[in-house]
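Here's the letter readout for the chains.
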Amino acid sequence: MKEFLDMGGYAAFLWPSYAVTLGVAILNVVWARRSLARATASARRRLAAGGADS
Amino acid sequence: MNWAWFHRLASPPHIYRLAQQLTPWFAWPAAALILTALYGGLVLAPPDYQQGDGFRIIYMHAPAAWMSLMVYTTMAVAAAVALIWRMKVAHAVAASCAPIGASFTFAALVTGSLWGEPMWGTWWEWDPRLTSELILLFLYLGYMGLRGAIDDPQRADRTSAVLAVVGIVNVPIIHYSVTWWNSLHQAPSVMRLGKPQLSMPMLWPLLLMLLGFTLFFVAVLLVRLRGEILVRERSASWIREVVGT
Amino acid sequence: MDDPRTPALPAAAAPALSGATTPHDAASVLDAALLVLERDLTLALRRRGQLVQPLAFFAIVTTLFPLAISPELARLREVAAGVLWVAALLASLLALEFLFRDDAYDGTLEQYALSGQPLTGLMFAKTAAHWLLTGLPLALMAPLAALSLGAPPGSVPGIVASVAVGTVALSLIGSIGAALTLGIRRSGVLLALLTLPLALPVLIFGARASELAIHGESYLAPLELLAALAVLGITLAPLASAAAVRISLE
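Residue numbers (the working numbering), protein chains in the order written: chain C, 1 to 54; chain V, 1001 to 1245; chain Y, 2001 to 2250.
Hints are computed from structural coordinates only; laboratory data are not their basis.
Misleading hints may appear alongside valid ones.
Here are the simulated DMTMM-like cross-link-like pairs (lysine to aspartate or glutamate), alpha carbons at most 20 angstroms apart as the crow flies [as the list claims (entries may be wrong)]:
hint, chain 1, residue 1, chain 2, residue 2
1, V, 1088, Y, 2250
2, C, 2, V, 1152
3, V, 1088, V, 1151
4, V, 1088, V, 1048
With these hints in hand, go ahead and build the complete structure from the sequences.
Structural data, given as structure tokens:
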């Protein structure tokens, strides 16, 4: 296990690059869901405030 | 020719519902493919004879670079479709693409730099591929800046669509000129970041990873697309049905 | 008509610009484009201060480098081509703000769009005027700056040619950026962010051509690439800026 984590001495470069790319992927999921939630919430507010023809 | 079926297919409510239904069909296979490829790339693939275990950065760098270009192309094609056929949904697709593409372009730059340090001995090398990625990031930032600077959503859509189309015409020219520029100044002593010779056990995780990230892009795009459609369809009564007041 | 910014168009303008009576045949398109070109040149020559600004900017930027690097001509010669081109790129970018702004404010652009003449041709005329007013003077000034940076006199033709051809492409690319940012307040930084990445190929080929000229070698290959970029720009850029102007008028 320790040998695996060490990656033949490249650990300091390899793991950060995996962390950044997979982190960006996860952030994309979070951002996408948040932007959809925000748009849904504002659509609901609009409907509640004055019907669909505001 | 009767285009009625086309307009029904491209109508916002239809696309919204379709996006909702399709998302899991892309998201779960994407997760499965990426996890399999991670295992294949980190555990099963043998170390490279030249770069040792360092070559495994390719399983992150290549998909990020692939995403940066594929997303830009998708964005430009959607923008062109939107301009030519005046399709609101296509504008929503283009708007959804930009943040995804920009973030993966950033990841491609960071992983390229992390790969460069052990291979070249410097964090940054004016390598043609890295330089092109950097310029691509500027193109994304300009697109998002232009979109953000225009208040009227329809004008923002159409103006930024022109920019996306102009950008995609320029991408090959930029890439060619950067490659040409680099070939003039190439210092022979610096080792190039050559593509490692990939044998089969090294190659299949990479291909799975590329496919996985592509499906992942579609899934994230579909989620964002629904939000963008809601923003654009302010007065449509179908929204009441889908957001469930 | 008393407003000094909008000179009365010559009598010939009326039929040429009102395409309703003369649907565009080739001659009237050319007439209209020439009128726009003439009008822009007349207007610009009435405001010489604005005309000189990009040139003064170019001169100041090229002066900064000896002060920042070293007064040794041998060292400056190494970077002269790059300095020239970065300064020329920034100077032509600075002048872009004036390209459409006044015409957008006083409604001239709207009249162009409604004139019935193809807007693409009129955009091309405006861009040509912009090049005549900034690109060409920059090309004539560039050798002076190059000589002050240690370039040999023999390099003058190469530098003039490369800057003259390169600024054609820069004006065209810039016209797209200027048209896209119409109607955005404080658009200066955004305009730079949009235009500079698109202008990089021009910078690369232009700087290379000037560098070869300074070293006394043949600069034809990069000059031809620059010319290819300019031709591509001439065919495509007016289409894009006309589309962007139409969108901004909607």
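Comparing the hints with the structure gives:
{"no.": "1", "hint": "V/1088 with Y/2250", "verdict": "16 angstroms, holds"}
{"no.": "2", "hint": "C/2 with V/1152", "verdict": "56 angstroms, violated"}
{"no.": "3", "hint": "V/1088 with V/1151", "verdict": "17 angstroms, holds"}
{"no.": "4", "hint": "V/1088 with V/1048", "verdict": "48 angstroms, violated"}
This entry does not satisfy hints 2 and 4, going by the numbered hints stated previously.
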